[in-house]
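Fit chain B to the supplied structure of chain A, relying on the hints for placement.
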Amino acid sequence: MFLINCPFCGEREQSEFKAGGEAHIVRPKQPTELSDDEWAEYLFMRKNIKGIQFERWNHFHGCRKWFNMVRDTSNDQIKAVYKMGEKPPVK
Amino acid sequence: MKNKYSIFSLIKNAFSYHENWEKAWKDPEPKKEYDAIIVGGGGHGLATAYYLAKKHNMKNIAVVEKGWIGGGNTGRNTTIIRSNYLWDASAGLYDHALKIWEGLSQELNYNVMFSQRGVMNLAHNLQDVRDLKRRTHANRLNGIDAVYLNTQEVKKFCPIINTSQDIRYPVLGGTLQRRAGTARHDAVAWGYARSADEMGVDIIQNCEVKGIKRNGDTVEGIETTKGFIKTKKIGVVAAGHSSVIANMAGLKLPLESKPLQALVSEPVKPIIDTVVMSNAVHAYVSQSDKGELVIGAGTDDYVSYSQKGSHDIVEGTLNAILELYPIFSRMRMLRQWGGIVDICPDASPIISKTSIKGLYFNCGWGTGGFKATPGSGDLFAHTIANDEPHKLNAAFNINRFVSGDLVDEHGAAAVAH
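Chains as they are written, first to last, in my numbering: chain A, 2 to 92; chain B, 18 to 434.
One or more hints might be untrue.
[Stated by the list, open to error] Label-pair ranges, simulated between beta-carbon atoms: (1) A:H62 <-> B:L339: 20 to 26 Å; (2) B:K286 <-> A:N76: 36 to 42 Å; (3) B:S346 <-> A:Y43: 47 to 53 Å.
By construction, these hints were calculated from the structure, which means they are not laboratory data. Cβ atoms here follow ideal geometry from the backbone N, Cα and C, with glycine treated the same way.
Pulled out of the complex, with its shape left as it was, chain B reads as follows:
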């Protein structure tokens, strides 16, 4: 049993200059065999292992990660959490996650700094207004909080926005989900890792999967840089590299991996206390607790695994940011980076069994997977443990690309793609 984090443990450790804190997770070598192996030690993978151990009583499981945990897209996203999606299936999935977020810090005894500061999506033309109003109604029918704001209400909610009507893309209105917000992305990975480790999950870092061993249509184990590990169930949560792993098993997925960029500014005093997204001009911004503006850009349109993006994408985003927030015109940008996101043709994820027995994929989260981390882990764990999807992820099976029953969230979900 790990020591509980509390004000008392903080005071106690202060006396020893914070040098004797217990390790949050072990660094074990892989065993010969596990009941289940999760490939990918990001937020989704660690959450999957945590819920497998907690809710499905599977203790002999491992998470294998080619780098260090949370070093991929978990540490590269812009930390936005919301559930205001258009279609019923998506609303169910993302609101399930949002409900878990609301109690996650307490559950994990780890402060994930979940902050329900609201997410506002802007409308810049008549079609945006119609789409956002339609989505607001759809959200409310699904029990998800959403309100439509006119231009004056947008200005009142976030006073630094330029609502002048003579800019290139004037603000005509917007939607607001007050339960939405942000969380500290690293803390999510670390919190899940610590709790999973406590329940006996082996978190194996610097262990890259090199092959998937099959006996006919059944998996037998994985070849890794630390040797062969036997298992009957493999859950792949490898984000941008999902197709690479699928290829090892002889599968093809409906994914394209593309660079998605983000950047942060120098830290400044509190200036924006919410998250504002704009689909049409493709810019979104929030402010971290350190004071940096966190700005999300778009994806490049070509396949790449290089974790770099094109400069013109960043330039376009900053043009839009400056028009909407003239107050930021003298801010300097501190860092810029890219992550590789795996995008499905319908911009919805896949949480599914495959044609190979014992092989499961959780992928296709594209540009917006962070918000779903707890829900994704919970539902993927259910799918792996029962060999059947939960009713909330049944629609997100891989066969929808054969049946045509797509969950088309492209542009419909206020998603900035």
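Next comes chain A alone, as it looks inside the complex:
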């Protein structure tokens, strides 16, 4: 368990949030043009990084807004939190 600094509400317990998986997976611009391999890549394949990972979170039991997070998955330390649409902070 850890604390998360929601960009809208401030620091809250992790149990108030839901993890939304890997961030910055862009929805295909022309879905009808996609091959099966490209669909599989978009829908299912994940980096699943051990180390610094960019991910989406939702303050589900709070403001219910989505935001992004940079987190070290090997020790659950949060490196940065930033809003949707913002560029990820450069490491």
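This is chain B only, laid out in the frame that chain A set:
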């Protein structure tokens, strides 16, 4: 040839105060080259090596393990074994494993303490009742024993369950697989290790894989903390770290690694002689031979390799346990731990070749891999030896995420995810 374990060897060794038992497996340094290398010395990896040596006559093989054998998820699970899955492909896979479990102690000359004490899955709402009845019928069509129990029959089978209708999630019924049960998880790893070692398999501990060497689309060997080892075939059975190994080979897998927690209570006298699982309230419990209640919790919903989980997950599980078993209200919990499980989008495993020649993956077992250990090892060994899947694991190939032919066991298999 190793000395056979028996009542006579036990008596003989008692005279020397059990100080002269033969080592169950050697601790060799890696050779320069092997015909096949298994990455990961858990139950699945050791079983794979054992069946490669036994059924496919490959003797020059090694198992490399970054820690000690059985120190990962093999020693962290809640030891439940069952095969009552919904879909035909899953039923074939898990019942294959269950049939091997039934004769495993004799085959390995190692008591894995397999106990067919039955597994009961509870229904707490109308949809649960419908789902469990449907699964019971599907199981029986696949030749897997399953019965549906009403509330009174549940109470009769496990009298300590609170079947009062005025609790938050009342027990409306349940299913029972009598052939299901538990086994001693460490013994499974040790038994397979001992037998594999006897057939010449090198079990190399404290040897972490750092890279996979490729020549174009063919593997050439692995870089490890004990140097480079040459091989033509690599079978990866690295559970939560599968994506890390895949990344070394330039592959991406459809996996997310998450912490799954379990806990045990202080030991008490026998009180529950079966395994009871509840999907809806997310709690399952059995009792070990030492007398501890073995309680399984759920996964956290974020990716993590930290082998810790969130406290609120444990709290939720214990809330459910206490409502279902008020008799446990004064029990104290002794230990809690987490393991990292690799979960596929369809909650079914991958036992498959990859786009790289000589590289095979056995992963994605998620929250329920222990039960499949012998079957998984057998089928993965077949896949590695023949470079083709066995018919029982053909459906569990990696291309199903491209073709869309998924084996969707999420929620359908009475699995507590």
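Status of each hint after checking the structure:
no., hint, result
1, A:H62 <-> B:L339: 20 to 26 Å, "holds (23 Å)"
2, B:K286 <-> A:N76: 36 to 42 Å, "holds (40 Å)"
3, B:S346 <-> A:Y43: 47 to 53 Å, "holds (49 Å)"
When the structure is compared with the earlier hints, no violation turns up for any of them.
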